[in-house]
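**Student:** In the order they appear, the protein sequences are chains C and G. The numbering of the first sequence is this note's numbering, which starts it at 1 and goes up by one. The numbering of the second sequence is this note's numbering, which starts it at 47 and goes up by one.
Some clues are possibly wrong.
Reference excerpt, derived from the structure (chain C facing chain G, CB under 10 Å, subset only) [unchecked claim]:
#: 1; residue: C2
#: 2; residue: A4
#: 3; residue: L12
#: 4; residue: T15
#: 5; residue: A23
#: 6; residue: P24
#: 7; residue: Y26
#: 8; residue: Y28
#: 9; residue: V32
#: 10; residue: A40
Pair ranges (Cβ atoms, derived) [claimed, not checked]:
#: 11; chain 1: G; residue 1: E181; chain 2: C; residue 2: D20; range: 29 to 39 Å
#: 12; chain 1: G; residue 1: V115; chain 2: C; residue 2: G16; range: 10 to 20 Å
#: 13; chain 1: C; residue 1: G16; chain 2: G; residue 2: V116; range: 18 to 28 Å
#: 14; chain 1: G; residue 1: R123; chain 2: C; residue 2: H10; range: 27 to 37 Å
Hints listed in this document are in silico derivations from the structure and should not be mistaken for laboratory results. We treat Cβ as the ideally placed atom computed from N, Cα and C, and that holds for glycine.
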Amino acid sequence: MCIARNDVRHALTQTGHATDRDAPEYAYWIRVASSHYFEAAGALRE
Amino acid sequence: MQAFIATVPEDGRQALKVAVGSSQKMGKRVLEHLRERTFHYPSPANRYNLDSELEEALRALADEEVTAVVEEGGFFRWRFADDVALTVALAKHDPDRLREQTMLARDGAIGFVNFATRAWEAFAEKHGLEMGPPEPPAEPVQ
Numbered sequence: 001m002c003i004a005r006n007d008v009r010h011a012l013t014q015t016g017h018a019t020d021r022d023a024p025e026y027a028y029w030i031r032v033a034s035s036h037y038f039e040a041a042g043a044l045r046e
Numbered sequence: 047m048q049a050f051i052a053t054v055p056e057d058g059r060q061a062l063k064v065a066v067g068s069s070q071k072m073g074k075r076v077l078e079h080l081r082e083r084t085f086h087y088p089s090p091a092n093r094y095n096l097d098s099e100l101e102e103a104l105r106a107l108a109d110e111e112v113t114a115v116v117e118e119g120g121f122f123r124w125r126f127a128d129d130v131a132l133t134v135a136l137a138k139h140d141p142d143r144l145r146e147q148t149m150l151a152r153d154g155a156i157g158f159v160n161f162a163t164r165a166w167e168a169f170a171e172k173h174g175l176e177m178g179p180p181e182p183p184a185e186p187v188q
């Protein structure tokens, strides 16, 4: 759970930074954050 | 597990509900589709039908400009590739609920981080663990 927490949190932070800078990698971090969240939510349900 | 979760503070347990509930509210297989299209690239041998999805995304973006963004050190990033990747990933999203579903994913992700943080704190407290700045290095031996 701590691994997933680090992954999701880092991706969310980077999404925020990319949004603030209108950076092109915004779409990438959205995908990564959502994907790690999917995995984390699935692990919680198991 | 349930016994441990019961020791997590109320705000942490609420965060857990958000973390679990948000992905379910988004709709069946919406996040799963996004995850599979993020960690897998189009390939003829792939078990996901990514080639046709890629083709559809390219058609949808056919009128968009192909742009690159110059970065430090003379490198650049293909913005158009990011747009295509996001279009493929969001294919299961409902166009009429795109903003709502995006907010659900964000709230769910934040909920998970908050729950995991509270759970760790509860675990640390139960086991007498302390977190703090690292101890200063010992004085060198003369």
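**Student:** Each hint: holds or not?
**Tutor:** A quick look at each hint next to the structure:
| no. | hint | verdict |
| --- | --- | --- |
| 1 | C2 | holds, 6 Å |
| 2 | A4 | holds, 7 Å |
| 3 | L12 | holds, 6 Å |
| 4 | T15 | holds, 8 Å |
| 5 | A23 | holds, 8 Å |
| 6 | P24 | holds, 4 Å |
| 7 | Y26 | holds, 8 Å |
| 8 | Y28 | holds, 6 Å |
| 9 | V32 | holds, 7 Å |
| 10 | A40 | holds, 5 Å |
| 11 | G:E181 x C:D20: 29 to 39 Å | holds, 35 Å |
| 12 | G:V115 x C:G16: 10 to 20 Å | holds, 18 Å |
| 13 | C:G16 x G:V116: 18 to 28 Å | holds, 23 Å |
| 14 | G:R123 x C:H10: 27 to 37 Å | violated, 19 Å |
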